[in-house]
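**Student:** Given the coordinates of chain A, work out where chain P should sit on it, guided by the hints.
Here the protein sequences line up with chains A and P, keeping their order.
Numbers 5 to 226, taken from the working numbering, label the letters of the first sequence in order.
Numbers 10 to 172, taken from the working numbering, label the letters of the second sequence in order.
Don't read these hints as lab results, they were simulated from the structure.
Treat the hints with care, as some may be off.
Across the chosen pairs, the derived CB separations fall in these ranges [claimed, not checked]:
(1) P:G149 x A:Q62: 30 to 38 Å
(2) P:F83 x A:L25: 26 to 34 Å
(3) P:T118 x A:Q81: 18 to 26 Å
(4) A:L128 x P:D115: 27 to 35 Å
(5) A:S51 x P:E87: 37 to 45 Å
(6) A:S208 x P:D155: 21 to 29 Å
(7) P:E87 x A:D10: 19 to 27 Å
(8) A:S208 x P:D115: 17 to 25 Å
(9) P:E87 x A:G63: 48 to 56 Å
(10) A:D10 x P:K152: 17 to 25 Å
(11) P:N112 x A:R190: 27 to 35 Å
(12) A:K187 x P:N112: 29 to 37 Å
Below, computed lysine-lysine pairings styled on BS3-like, alpha-carbon distance capped at 27 Å [what the hints assert, rightly or not]:
(13) A:K187 x A:K109
(14) P:K45 x A:K187
(15) A:K52 x A:K123
(16) A:K172 x A:K187
(17) A:K123 x A:K172
(18) P:K49 x A:K187
Glycine included, every Cβ here is placed at the ideal spot set by N, Cα and C.
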Amino acid sequence: MSVHDDLIDEIEATISAAAGLGYNQPSATNDVYENYIWSLCVAAAQSKGATVRYETVQGQPANNLIFRTSPGAIYSQAHDYTHAAVEFTGCPPLEIHIGIRVTGKSRVLHECDVAVLFKDEADLCRAEQVHPRAARVLIAAECKFYTSAIQLHLGRGFIGLTRDIHAKERYFVTNSGSANVAKLIRYHQTEWDFDVLPSTVEASELQSRFSRAFRNFVVGHR
Amino acid sequence: MASDNEIYFQRLSEILVQGGFDWVVVQANAEISSGKSRAKEVRALEYGELIDEGSFATRTPRRRRASLMTTEPFNDVERLGILIRGIEAAIASRADIEEAVLNLTDVLTIDFAPEGDELEAFGSAGTDVRHRLDRGRLEGGKKLSDKLLNSLRQLREQARVGS
Chain A
5 MSVHDDLIDE IEATISAAAG LGYNQPSATN DVYENYIWSL CVAAAQSKGA
55 TVRYETVQGQ PANNLIFRTS PGAIYSQAHD YTHAAVEFTG CPPLEIHIGI
105 RVTGKSRVLH ECDVAVLFKD EADLCRAEQV HPRAARVLIA AECKFYTSAI
155 QLHLGRGFIG LTRDIHAKER YFVTNSGSAN VAKLIRYHQT EWDFDVLPST
205 VEASELQSRF SRAFRNFVVG HR
Chain P
10 MASDNEIYFQ RLSEILVQGG FDWVVVQANA EISSGKSRAK EVRALEYGEL
60 IDEGSFATRT PRRRRASLMT TEPFNDVERL GILIRGIEAA IASRADIEEA
110 VLNLTDVLTI DFAPEGDELE AFGSAGTDVR HRLDRGRLEG GKKLSDKLLN
160 SLRQLREQAR VGS
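Isolated chain A (complex conformation):
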């Protein structure tokens, strides 16, 4: 057996072990990535002085964190889904959600992987079983975990999304990248963040941009 075969066998054993940990489920990997971006957003709010607590859809403290595996209604009680309740002194309270549907300007529902919205809008939606309006969403992020360069149709889709849910503070976030998608999104003057992974400069920059959005929110409401 050659050295090369030994190396390939070693890689094969590692890949098999990774499958045993559940790493071979692409949907699960995407869920974890969205959760990571959500966590960065929560950390950004905390860095600007917000008090944050994890709550359930019932408004109770969340003892265990539970998140959706695909976008759903903010008012869903299928599980005690968790959101972050955020309070800046002297400002309307906010909530940070993963995977909720939001109503666009066209009155079409869109999926927001990470959404920061006003608590009063969230309360209204839970009480009336309706979806939040895009105009009441302070920050929205589309999160994509890809193992190769992201495909052009994702960039096109994001541009279409920002046309309907407002372009300000809307982020296309991915662990990967693509020169073509970057050119496309930049040309249409929307925000994009590539190569966002733990301990990277790009992750710090994204968290800073979230912090800036919260800073502007606070200044605008005091």
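**Tutor:** The following block gives chain P in isolation, referenced to the frame of chain A:
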């Protein structure tokens, strides 16, 4: 006759598919089939303004330099590099992200649950799979990640693939 890099690519693809990571192969092949875009300077024939010369009109053609986009295929070294980066993303990055999430949220476990009836995963294309992040499994994931990165680094050196 297939080059060593093509053989590595083929073998790694087979291993990934067998391990349920066929989606990594699909995404890599999608990037490979898109090719590399680059600008290319060409001399394009352009027709100028219509000149009315009495009984007939002509356009004066002229050649001008123009920058147009072209696509080139990836070579076997680049193709292998794409697949290796895919493996790193699926396994090493996943372990890092899990650790980062649990540290940022400062909890021991996080559950992910579908809204509707739980669906069985259909091979590796399963959607809405219930799963859990568990701090107790982090160390195992990190050890796996380190081992894999070391093996892939050696493979890169042998295949002369850039990082």
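**Student:** Now, for every hint given, state plainly whether the structure supports it.
**Tutor:** Each hint tested on the structure:
| no. | hint | in the structure |
| --- | --- | --- |
| 1 | P:G149 x A:Q62: 30 to 38 Å | holds, 35 Å |
| 2 | P:F83 x A:L25: 26 to 34 Å | holds, 31 Å |
| 3 | P:T118 x A:Q81: 18 to 26 Å | holds, 21 Å |
| 4 | A:L128 x P:D115: 27 to 35 Å | holds, 31 Å |
| 5 | A:S51 x P:E87: 37 to 45 Å | holds, 40 Å |
| 6 | A:S208 x P:D155: 21 to 29 Å | holds, 23 Å |
| 7 | P:E87 x A:D10: 19 to 27 Å | holds, 25 Å |
| 8 | A:S208 x P:D115: 17 to 25 Å | holds, 19 Å |
| 9 | P:E87 x A:G63: 48 to 56 Å | holds, 53 Å |
| 10 | A:D10 x P:K152: 17 to 25 Å | holds, 19 Å |
| 11 | P:N112 x A:R190: 27 to 35 Å | holds, 32 Å |
| 12 | A:K187 x P:N112: 29 to 37 Å | holds, 35 Å |
| 13 | A:K187 x A:K109 | holds, 26 Å |
| 14 | P:K45 x A:K187 | holds, 14 Å |
| 15 | A:K52 x A:K123 | holds, 18 Å |
| 16 | A:K172 x A:K187 | holds, 19 Å |
| 17 | A:K123 x A:K172 | holds, 19 Å |
| 18 | P:K49 x A:K187 | holds, 17 Å |
In this structure, none of the earlier numbered hints is contradicted; all agree with it.
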